[in-house]
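Peer 1: The lines below spell out each chain.
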Amino acid sequence: MLCVRHLRKVYEASGRSVEAVHDVDFSLRQGELVCVVGPSGAGKTTILRCISGLLTPTSGEVVLDGRRVDGPPEGMAVVFQDYGRSLFPWMKVRQNVELPLREKGLRGPERRRLVDQSLEAVGLAAAANAYPWQLSGGMQQRVAIARAVAYEPEVLLMDEPFASVDAQTRAELEDLVRSLWTRLGVTIVFVTHDIDESVYLGERVIVLSASPTVVMEDVPIDLDAVRDQLTTRSEPRFGQLRTRVYELIQKAKEGGQPASPQLSTPSR
Amino acid sequence: MAGVTNAFQRLTKIFLVPAVLFVAWFASSRDSTSFFFPPLRKILEAFADTWFSDRWSADIVPSLLRLAAGFLIAVALALVIGVPLGHSKRARDYAEPALEFFRAIPPTVMIPVLLVISGVGDTSKVAVIAFGCIWPMLLNTIEGVRSVDSLLKDTCDIYRIHGLTRLRVLTLRAASPQIVTGMRTGLSIAIILMVISEMFASKDGLGFTIIQFQRTFSIPEMWSGILLLGMIGVALSLLMRVFEMVVLRWYEGARERG
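Chains as they are written, first to last, in our numbering: chain A, 3 to 270; chain B, 2 to 259.
Wrong hints could be hidden among the right ones.
With a Cα cut of at most 16 Å, we get these calculated EDC-like pairs of lysine to aspartate or glutamate [what the hints assert, rightly or not]:
1) Lys-94(A) with Glu-253(B)
2) Lys-253(A) with Asp-220(A)
3) Lys-255(A) with Asp-196(A)
4) Lys-204(B) with Asp-123(B)
5) Lys-154(B) with Glu-105(A)
6) Lys-154(B) with Asp-84(A)
7) Lys-106(A) with Glu-156(A)
8) Lys-255(A) with Glu-219(A)
9) Lys-106(A) with Glu-76(A)
10) Lys-43(B) with Asp-32(B)
11) Lys-106(A) with Glu-97(B)
Source of the hints: derived by calculation from the structure; they are not laboratory data.
Could you put the whole structure together from the sequences, leaning on the hints where they help?
Peer 2: This is the structure in structure tokens:
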């Protein structure tokens with residue numbers, strides 16, 4: 003459904019060129035929740051921006067539903083890391099959530115229904131008439147999530163969305179993402195630098211190497227579909243998977259490459 | 002009780018110094034025999050006689066209309082030119098040296114030029130006002146549009162918000178603090194130019210009337226005109242403040258929160 007094919011991105015700046023992403027290749031089935039982790043500076047955000055069409059790859063392509071992405075495609079929503087800057091400070095919470103729906107051409111009653119529903123789902127029904135800057139960081143990020151959910155996207159991209167919220171809020175928001183995903187059947191790419199978070203949330207974890215980036219390994223997460231902050235995190239299997247991803251990241255930091263030629267990085 | 006005290010303190014802050022100045026002026030000029038500095042009592046009498054009459058429609062209204070026309074035309078032009086320039090780095094690179102040059106020309110020297118071109122009518126005065134006050138507004142609009150947060154632009158791209166809606170919900174709103182700052186500066190320049198352009202060549206208006214009083218040695222009347230201009234200035238800046246409070250309510254709140 004969503005294919006990233008031989009994605010390569012070279013940044014050109016004042017005569018110097020830096021290869022941020024070397025060759026990244028993976029794909030998602032419809033309705034999958036996949037986490038992408040990598041050491042810091044692994045080009046995670048670059049890859050996500052290429053998928054969203056905000057950035058043009060140097061070579062390779064992103065294909066969504068059989069169509070090549072060459073600009074933000076229809077039916078895609080993004081939740082950015084910097085929640086404070088991604089909401090319109092001159093609009094109230096309700097207007098922030100409603101704006102994309104207006105542009106989508108939905109009628110008034112339909113818009114109201116979706117806005118109410120999504121604010122309810124993130125637990126912010128009472129804050130609909132507040133301005134974003136009147137809310138705490140965690141609540142602001144919920145507004146950004148509500149805006150994405152109300153939009154009813156086929157694909158939801160999340161770029162380290164919880165990197166700057168406190169630990170308790172983070173746990174709540176992780177569960178929120180899991181429950182929205184189960185309920186809506188949306189395809190989610192969740193980028194994070196947090197190993198625990200990636201294992202807890204994902205059906206698969208794609209581990210990236212250090213820059214210039216390739217896929218180190220695609221780790222399937224065979225935990226129960228219903229996850230719980232306490233029981234899931236204390237399962238032995240969770241620990242094993244966590245260790246596996248941790249080792250891969252350590253190897254990546256030391257400049258390691260994929261152990262064996264995989265399907266995702268064909269030998270040449 | 003505390004509310005009453007607070008209101009009293011605020012009123013004191015606003016009116017104490019003006020009241021002291023007024024009393025000092027009134028007392029010190031009471032026995033003045035100087036022709037050029039008449040007693041304040043005489044000026045106030047002249048004020049009532051001069052301005053509470055048909056001069057209201059003959060001089061004050063034309064002045065204010067010219068001011069409004071010049072200022073609003075300048076605001077509109079500043080937005081129409083400034084928004085595209087703010088969007089395009091390349092256009093800015095070409096346009097900025099010329100803009101700096103125009104801004105550096107003291108607007109008053111344009112008065113003789115415009116008089117030659119468009120005569121003593123309203124057009125030349127409106128043009129002088131617009132030409133003079135557009136620069137702070139134009140440069141601030143460009144800067145405001147240039148510095149719109151990139152993440153908000155990305156957000157608009159993702160949710161496919163383009164065209165006029167984007168201009169309305171993103172560009173103009175994000176740039177509004179800078180635009181309003183430019184408008185405040187522009188307004189005070191516009192008032193100065195209104196008066197000066199009327200002093201040069203006109204058949205009505207406040208600047209014209211004050212010069213007439215001076216030339217006919219009606220000194221108390223001349224002073225009363227200066228007082229009136231001060232009051233109009235205060236009233237317009239209050240109006241501007243109200244406009245700011247409405248347009249920038251979100252900005253004040255967001256800034257207080259840090």
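Peer 1: If a hint holds in the structure, say so; if it doesn't, say that too.
Peer 2: Now the hints, each set against the structure:
Between the alpha carbons of Lys-94(A) and Glu-253(B) the distance comes to roughly 15 Å, so the proposed pair stays at or under 16 Å and holds. The straight-line distance between the Cα atoms of Lys-253(A) and Asp-220(A) is roughly 15 Å, inside the 16 Å bound, and the hint therefore holds. A hinted pair counts as satisfied when its Cα atoms are at most 16 Å apart, and Lys-255(A) with Asp-196(A) qualifies at roughly 14 Å. For the hint pairing Lys-204(B) with Asp-123(B), the CA-to-CA distance comes to about 10 Å; that is within 16 Å, so the pair holds.
Taken as a hint, the Lys-154(B) and Glu-105(A) pair is honoured in the structure, with Cα atoms around 15 Å apart against an allowance of 16 Å. Simply put, Lys-154(B) and Asp-84(A) have alpha-carbon atoms about 13 Å apart, close enough for the 16 Å limit, and the pair holds. Note on Lys-106(A) and Glu-156(A): the hinted pairing holds, with a Cα-Cα distance of about 14 Å set against a maximum of 16 Å. Taken as a hint, the Lys-255(A) and Glu-219(A) pair is honoured in the structure, with Cα atoms around 14 Å apart against an allowance of 16 Å.
A hinted pair counts as satisfied when its Cα atoms are at most 16 Å apart, and Lys-106(A) with Glu-76(A) qualifies at roughly 9 Å. Pair hint Lys-43(B) plus Asp-32(B) holds up; C-alpha atoms about 11 Å apart against a cutoff of 16 Å. Of the pairs offered as hints, the one joining Lys-106(A) and Glu-97(B) is violated, with about 38 Å between alpha carbons and a cut-off of 16 Å exceeded.
In summary, the one numbered hint that this structure violates is 11.
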